[in-house]
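> Residues per chain are reported as follows:
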Amino acid sequence: MPYTAELKKLIKNVEKTRARRVEKKRKGEEFPAMSLDERTDILKYHPDFKEEGRREICIGPNKGYKIANEMVDLIHARSRVNPESIDLSSPDYETDVLVIGGGGAGTAAALLARENGCRVLVATKLRIGDANTMMAEGGIQAATKNGKDSPYYHYLDCMGGGHFKNDPDLVETLVTEAPDVLAWLEKLGAMFSKFPDGRLKALHGGGTCRKRMHSAGDITGAEIMRTIRDEAKNHPADIKILEFTAAVELILNDKGACEGAVLYNLETEEYFVCKARATVIATGGSGRLHIQNFMTTNHYGATGDGLFMAYRAGVPLKFLHTVQYHPTGAVFPEQAEGLLITEKFRGAGANVLNVDGEQFVYEREPRDVEASAIIRECTVRGKGVPTPTGKFGCWLDSPMIDMLKGEGYVRKEFPGKWILFKRYGIDITKEPMMIHPTLHYQNGGLAIDSSGKTDIDGLYAAGEVAGGIHGENRLMGNSLLDVLVFGRLAGSAAAAYAKKKYKPGKLSLQHVAAYNKEVASIEDAATRVSPMVLPDYSNPDVRKRQLTTDYVGTIR
Amino acid sequence: MSKSAEKSRKKEVKQSLIPIYIMGKKHEVPDSLTIQKALEYAGYQLVRGCGCRGGICGACGTVYRFPNSYRIEVGLSCQTVVEPNMYIAQLPFFPGNKATYDLDTLTATGSTLAALYPEMYKCIGCGTCTRSCPMDIDVMEYISRAIRGDIAGTAEASFDCVMCGLCAARCPAELVQYNIAILARRLYARHIAPPAKHLAAAVQNTRKGVFEEGVKKLKKMGTEELKKVYTGRITEPDIADEFWEPEDMTYLVSEKTR
Ligand SMILES: Cc1cc2nc3c(=O)[nH]c(=O)nc-3n(C[C@H](O)[C@H](O)[C@H](O)COP(=O)(O)OP(=O)(O)OC[C@H]3O[C@@H](n4cnc5c(N)ncnc54)[C@H](O)[C@@H]3O)c2cc1C
Ligand code: SF4
Ligand code: SF4
Ligand code: FES
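So the sequence lines, in the order shown, correspond to chains A and B.
Sequential numbering of the first sequence, starting at 1, is according to the numbering used here.
Sequential numbering of the second sequence, starting at 1, is according to the numbering used here.
These aren't lab readings, by the way, just hints derived from the structure by calculation.
One should not assume that every hint holds.
As the list claims (entries may be wrong) - Simulated coverage check for chain A against chain B, where a stretch passes if three residues somewhere in it have a Cβ under 8 Å from a Cβ of chain B:
(1) 42-51
(2) 140-152
(3) 183-197
(4) 205-214
(5) 227-240
(6) 334-342
(7) 411-422
All C-beta atoms in this analysis are idealised placements derived from N, C-alpha and C, irrespective of residue type, glycine included.
In isolation and in its complexed conformation, chain A is listed as follows (with noise of 0.2 Å):
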């Protein structure tokens, strides 16, 4: 759908200020960055600080701590299985290494797996690849360029964008590894945007002091995971790999470590025991819980389940107080609504406006900030663009960034979105694009240490289901990153202890059995089921004639 004519008339008032804008950009000035305590102020607007939205968790390791309530709902939640009804004794899949989740953190610690010797086996809910690494957009940062950037600046920007907060060995780790992982990519055939002379293109991002911003045109996440995913293709022998099959309980033995998982056929509607000498979960984030009825940029199978699995195990959790609202997600046109439109926008020089065309923040704020002020404009201050549904959003001044680079350069860094915007009748590189901040990223996630170990024997984690290293918000560009440097170190250690450390014992659910006894005696919670697996979207009118959900005679 393109501009309505009330919407074409608002963007006059974009049109107006930016020849103005444009020749400010080139002298070098920009809007003023905020200060520390301009960002503190600021963040009273963003969802993670609305009281309403979080309440305590009751059982657990992390007993007392205050989250979303929609994860809370999901922890206070019993088990999908009744854990008496499966037989531990034989199992149907017996493997080196567990990696539960497809995407580019299991992949990566499936691939480092067998390196070190392993059979791997990977088991994911949807495709392999069908995950929020396929879909990062933006970039990958590692400090590549020594004679402006290291690993010093890197941590101080990645600290700076966590409040100070993150996990200091974590972050030393993931800038150190930074380079390696780069040069990883680059051996695997990854074709990354370079210079003739092979130099790699490099942008800002937010939060960033030195352009360390590498990517592939606009697809980078899909480009490294289709690149990775035809590598574990490449060895079929040692790398099993189970789609739509997703893992619902870990697996424990009577000494406490973690020796695989149950498994869930989506298809045939089967539970399956895998027995592992470790294991890695790698399941990803949670926008698919939709916190506070946001929108989300996040894949279809996005719904957390390693979060509540690891937890019923006794991991701790961290850092899950803090939700990543991306601060440009597009909101018009509506079949596009929720859709990542990446921070390289911004990052290339596109401004951000509110419905009289003027500028109200820096763009290259981090995350939170951004996302806090856009917010603001739209609601307190009453400056945003309202949409034909009644939604409000900003601009984002796309069209600027063709006057700044050079006529072209949308068309070639952006294919992806101007072909989608195209097809909706919007030409970017003329028309500015309209966002809102969209539930993006999940922070937090499980404790780990930096070789990706949490607090149980035989147990890895690796990716967005680990938490500690961006503290309490993420940089772009440091997840795609996180998600290999900790998956390959995961997939290593994993792919050590199995070897060397593993010791068998008499497998266990026990520890689920406890926990569904436990949650039992919380309010509600008896009624909800975790992990969720996959989101409903069907029509609750359908739905309701669905009359017969168990199997009556031969059919359901």
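Given chain A, put chain B with the ligands in place with the hints provided.
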């Protein structure tokens, strides 16, 4: 933006409904929905044929046709808006042949492609693949470049491929175009594009521990001190060129001297 797209749609009642045919069966759905959301509206809980919901994973390749039209139309169901009287079928899986290889030992030549995917030469140049591509890729063109041994050209022309499989599903010569394409891209990036020298240097510097002391120093700082260093750090100007270097070169290794 207080409602998720999916949830708010369920509650809107006064939108206009149009008829679509899901695998031949008629359903009335709101006209603003994508095919994917229309399937859900009709009552399906998707397991297959739905991944990213954002047009990039390639899980949701869909074919459709209008009555009295000979044309087979294609689209990604998460990106295509419904139209009246569409006859829709999804193609969530189509078996595809993938060669296995050790990228390091391959050469970036046409003969590598030919050895791993000899069926490539069966292409009859019918152009069906190009017409079947929801990403508007000229698939036949990248295949002909592959046949000519133009690895770089194949890589470039296929870059936007989401590996949905629609081209392969309709190819009379039974090629699996997207697998040939990813092999070409990996060959190009690994063996043709020059390696990034600064990256190799950064790996070496970092491995040697050149920056270790700096990072350790930051790690030891209290939050207030760290905040000061953070706020005082120099930001590379937007307009700076590739070889910009700050005045303070502590914890850096100049590229100019090398
Ligand atoms: C639209 C978008 C754009 C982004 N852009 C950037 C960017 O430019 N730069 C950046 O650094 N980061 C970006 N990110 C963030 C980054 O992509 C993700 O945080 C990261 O890729 C997560 O990787 P992962 O491997 O942990 O999870 P995922 O890639 O999501 O993989 C998790 C996998 O586990 C599967 N799974 C889930 N539950 C189960 C279960 N119970 N059993 C089995 N399998 C399960 C999922 O289906 C999925 O395949 C972006 C994210 C999104 C959504
Ligand atoms: S559909 Fe097959 S035969 Fe026809 S042009 Fe494409 S690759 Fe060649
Ligand atoms: S080239 Fe083939 S697999 Fe790739 S997007 Fe087009 S139709 Fe899909
Ligand atoms: S669901 Fe991923 S491309 Fe449509």
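> Does each hint fit the structure? Answer for all of them.
To see whether the hints hold, each was checked on the structure:
Coverage of the stretch 42-51 of chain A by chain B is violated in this model, with 0 residues showing a Cβ closer than 8 Å to a Cβ of that chain against a need of three. Counting residues of the stretch 140-152 of chain A whose CB lies closer than 8 Å to any CB of chain B gives 11, so the stated coverage by that chain holds, three being the minimum. Requiring three or more residues with a Cβ within less than 8 Å of a Cβ of chain B, the coverage given for the stretch 183-197 of chain A holds, as 12 such residues are present. For the stretch 205-214 of chain A, the assignment as covered by chain B holds, since 3 residues bring a beta-carbon within under 8 Å of that chain's beta-carbons and 3 suffice.
With 7 residues having a Cβ less than 8 Å from any Cβ of chain B, the stretch 227-240 of chain A passes the three-residue criterion, so the hint holds. For the stretch 334-342 of chain A, the stated coverage by chain B is satisfied: 6 residues place a CB nearer than 8 Å to a CB of that chain, which reaches the threshold of 3. Only when three residues or more bring their CB closer than 8 Å to a CB of chain B does the claim for the stretch 411-422 of chain A stand; here the count is 4, and the claim holds.
Hint compliance for this structure: hint 1 is the single one not met.
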